[in-house]
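Number of protein chains: 4
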Amino acid sequence: MTEQHSVPKLVAVLGANGRMGAEAAKAIEAAPDMKLVAALGRGDSLEQLASSGAQCLVDLTVPESTEANVRFAVEHGIHAVVGTTGWDAGRLSALESLLAGHPDTGVLIAPNFALGSVLASAFAAKASKYFESVEIIELHHPDKVDAPSGTAVRTAQLIAGERNAAQVPPSPDATTSELAGARGCEVDGIRVHSVRLRGLVAHQEVLLGGPGEQLTLRHDSFDRASFMPGVLLGVRNVAAHPGLTVGLDGYLDMGL
Amino acid sequence: MTEQHSVPKLVAVLGANGRMGAEAAKAIEAAPDMKLVAALGRGDSLEQLASSGAQCLVDLTVPESTEANVRFAVEHGIHAVVGTTGWDAGRLSALESLLAGHPDTGVLIAPNFALGSVLASAFAAKASKYFESVEIIELHHPDKVDAPSGTAVRTAQLIAGERNAAQVPPSPDATTSELAGARGCEVDGIRVHSVRLRGLVAHQEVLLGGPGEQLTLRHDSFDRASFMPGVLLGVRNVAAHPGLTVGLDGYLDMGL
Amino acid sequence: MTEQHSVPKLVAVLGANGRMGAEAAKAIEAAPDMKLVAALGRGDSLEQLASSGAQCLVDLTVPESTEANVRFAVEHGIHAVVGTTGWDAGRLSALESLLAGHPDTGVLIAPNFALGSVLASAFAAKASKYFESVEIIELHHPDKVDAPSGTAVRTAQLIAGERNAAQVPPSPDATTSELAGARGCEVDGIRVHSVRLRGLVAHQEVLLGGPGEQLTLRHDSFDRASFMPGVLLGVRNVAAHPGLTVGLDGYLDMGL
Amino acid sequence: MTEQHSVPKLVAVLGANGRMGAEAAKAIEAAPDMKLVAALGRGDSLEQLASSGAQCLVDLTVPESTEANVRFAVEHGIHAVVGTTGWDAGRLSALESLLAGHPDTGVLIAPNFALGSVLASAFAAKASKYFESVEIIELHHPDKVDAPSGTAVRTAQLIAGERNAAQVPPSPDATTSELAGARGCEVDGIRVHSVRLRGLVAHQEVLLGGPGEQLTLRHDSFDRASFMPGVLLGVRNVAAHPGLTVGLDGYLDMGL
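Protein chains in written order, with the UniProt record's numbering: chain A, 1 to 256; chain B, 1 to 256; chain C, 1 to 256; chain D, 1 to 256.
Be careful, since some hints might not be right.
If several chains are the same, the list does not tell them apart, and a pair holds so long as it fits within one copy or across any two.
Claimed, not checked - Straight-line alpha carbon distances no greater than 25 Å define the calculated DSS-like cross-link-like pairs of lysine-lysine that follow:
id: 1; residue 1: K129; residue 2: K9
id: 2; residue 1: K9; residue 2: K144
id: 3; residue 1: K35; residue 2: K9
id: 4; residue 1: K129; residue 2: K144
id: 5; residue 1: K129; residue 2: K26
It should be emphasised that the hints constitute simulated quantities derived from the structure, not laboratory data.
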């Protein structure tokens, strides 16, 4: 690993007053190989980011400001690790154009920083073409307003993509008499069930079944702390991945 | 225990050519405290039941014949352990009238002989009034035609009964945006989710959640063999329970 | 329910500076049917308890002071709900003698206030005599110093008691070649396995197995909040249970 | 895919009188893209294998004969898919030498044909370097004589290999007071727990934990049928993998 790809030591957090941002600032301060040089919130100027000497930005802000933040970083040669949502195809494409002119700078856009969740979805997709049946159960606290969860939808899409590419037929199902909703909803042909239960945080199971066997991939997220190892992994690796990477799995070594 | 309530030694199986009946005949033959004196199938005469000297009948036949079988047994002073479906309120009431004239004879009508399943449903119902949230997930092989399963419906009804009696409010649920079916179906106000997966047999989970904790009651039925301990328990205890008992839980010691 | 057995409205917490005590004080303040009249810590005088007008004491202190606290309460006609450890046979016996002279006062000594955990252990014990095999897996965070957990030991003892009373033979086990420790430890003849894993809090599974079926009773404690419903249930019911009760299960309706 | 690498259509089974072999013969007969041309048992001559015209051998025999069977196959240009145990380093090395002279012939030696089990172990190994903690629980029927299972030992070794290569420290464990065996056994520094329970077949869970999250990879093998998709996958792919492959994962597309 050459000098210019060395681990970013000087890190700035944007959105440091939010819950995720505050947690990230703490995690960076506690990491022995990083130094938190700026923790900026709503109202702070991006000039403070430039003057802080940050080598890497962690953006945990809001959809309205994330694009401007990241463009500013790239234009100043600062790598960016981004957990903010709102990056649609248009924004991603514009960012790629910008990065073409800054070939040494890396940006990671990660909708999910929980390593276990990212791994579970990737494993589920890879495994799914070897099984006749696959269904997803996601379980969350009862204050969640949407069902199914965004992670379950993405997992179902990944699975459907792999199964379609391998020409696996749909999961068998002889149901002829159903009380409405019993068999869950369908996302790209994959059944998804959403449980809401007091006491839970965020949990997901992918069930894969074949003759005489079952493979279950379960992820439990008990706490916001579960996102921090993923944020740190992003910061540690972004300089070695110039250009745009979407999804933390792009930084994970899962080749088997 | 007095002599007339001693364990029935001489047992007859009706429906012995069916899968459950054949399994039951084998289990009775293997039990050291029982003797199989008749294994009758379609076309055999009920007179053979009387002449076999059976003290207890195990009826695993079809809805069309079970009522006549059981009446014949009761009229001949033979206890009956019944796994056949089709016993609606009218049949049960007629049977009770008949039993009133045969006060020493016992009949057990059991829709489910899997001890673990019966215990799990009873525990779930008892526990459910202490938790804010409860949902049911049942998982079966993909050749099953109905969803949810009969066991899940009965479990939901038991739970709803206990919660209503204790005036527990409905499980909280903030869902405002739902892909149709994601949140399962509702049975007496209890959410039930049905998974169908190759490789599975018959499985059920009741999830109970309160602040910071979850209680999970899961039953797995891997094999028809799981019904046999319940059948034998029925045969061993029917003489000590004269009159009509519906549900194997009536014979189980679950007082806590 | 008569007037003198009505729900205690005025509640004092001892040990209110500890983590459990502080949580309990908050839970009592939030309960619509209770009023927190005193929150006392180390160094506060018990006279403050008397002068507060408290009808019920919640003791979450230390083994060194709990006995004196509870005696003071009983002598002043104040019911007590006690989560502090250290109540050995001698202390319990002395407390019973004292209570004999105060027949309207109730004391609950509860080693575990998590409703789900108490229910799971009680259910496991009751179910265990119907299954050939039973084993316990407990899973905790890796900072725990003892293995197995106290809850697992108590659960194993309850199970062993029920199985011995019903003359159930030991769980079958054909192991002849074992890497030391693979089969766990034994508590009263019941196998117990202890998992330690970062991210976990306190979890336990009792696995019960018979021919072709498995019953699993799992409890997850994610958070100290899980003890508060049990504390409130104790406060609400202690006046209706004069004398000494050991274990929250004494207040639960689990008759099946 | 060129003609000479096309799917072997003509398949012979050796060990066809054993339980696995009989099941494999049935599975091959049922596969639309294969034809069973020989089903040979103890005492049959290997010459029948040659004269059957088989393009692929499935060897499910005994350690004493498998080496000779496979050498015969290779020398006759017949691919081999081998589930028999007993292939130590010496035998494997001799087989590789032989295959060097038969560059178009493929041999797969697979200690485990359950796809889900192979995938779960591979996923667990890959994921393990991203988590602080990892432990294995394997659960089997109580007639098993060894603990832990061979699959658990191999899984632990794979995990230890990945973690050591990535210089991950040992899983944290503050246990200072242990009832002997509670924390399981250690295989290459990985804790393994073995449960034995009536009703179970063969099951394994790998638990991975980090701050605030858990990843669980569970495989359930309910039935010998679970090995057949793996056998067929081996037969379908062996011609495309000339030389020696150890482990079914060599044929699986798990690149992520």
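Hint by hint, here is what the structure shows:
1. K129 <-> K9: The answer is between: 23 Å across copies meets 25 Å, while 42 Å in one copy does not.
2. K9 <-> K144: For K9 and K144, neither the intra-copy (37 Å) nor the inter-copy (34 Å) Cα distance is at most 25 Å.
3. K35 <-> K9: within (6 Å within a copy, 53 Å between copies)
4. K129 <-> K144: between (31 Å within a copy, 23 Å between copies)
5. K129 <-> K26: between (41 Å within a copy, 23 Å between copies)
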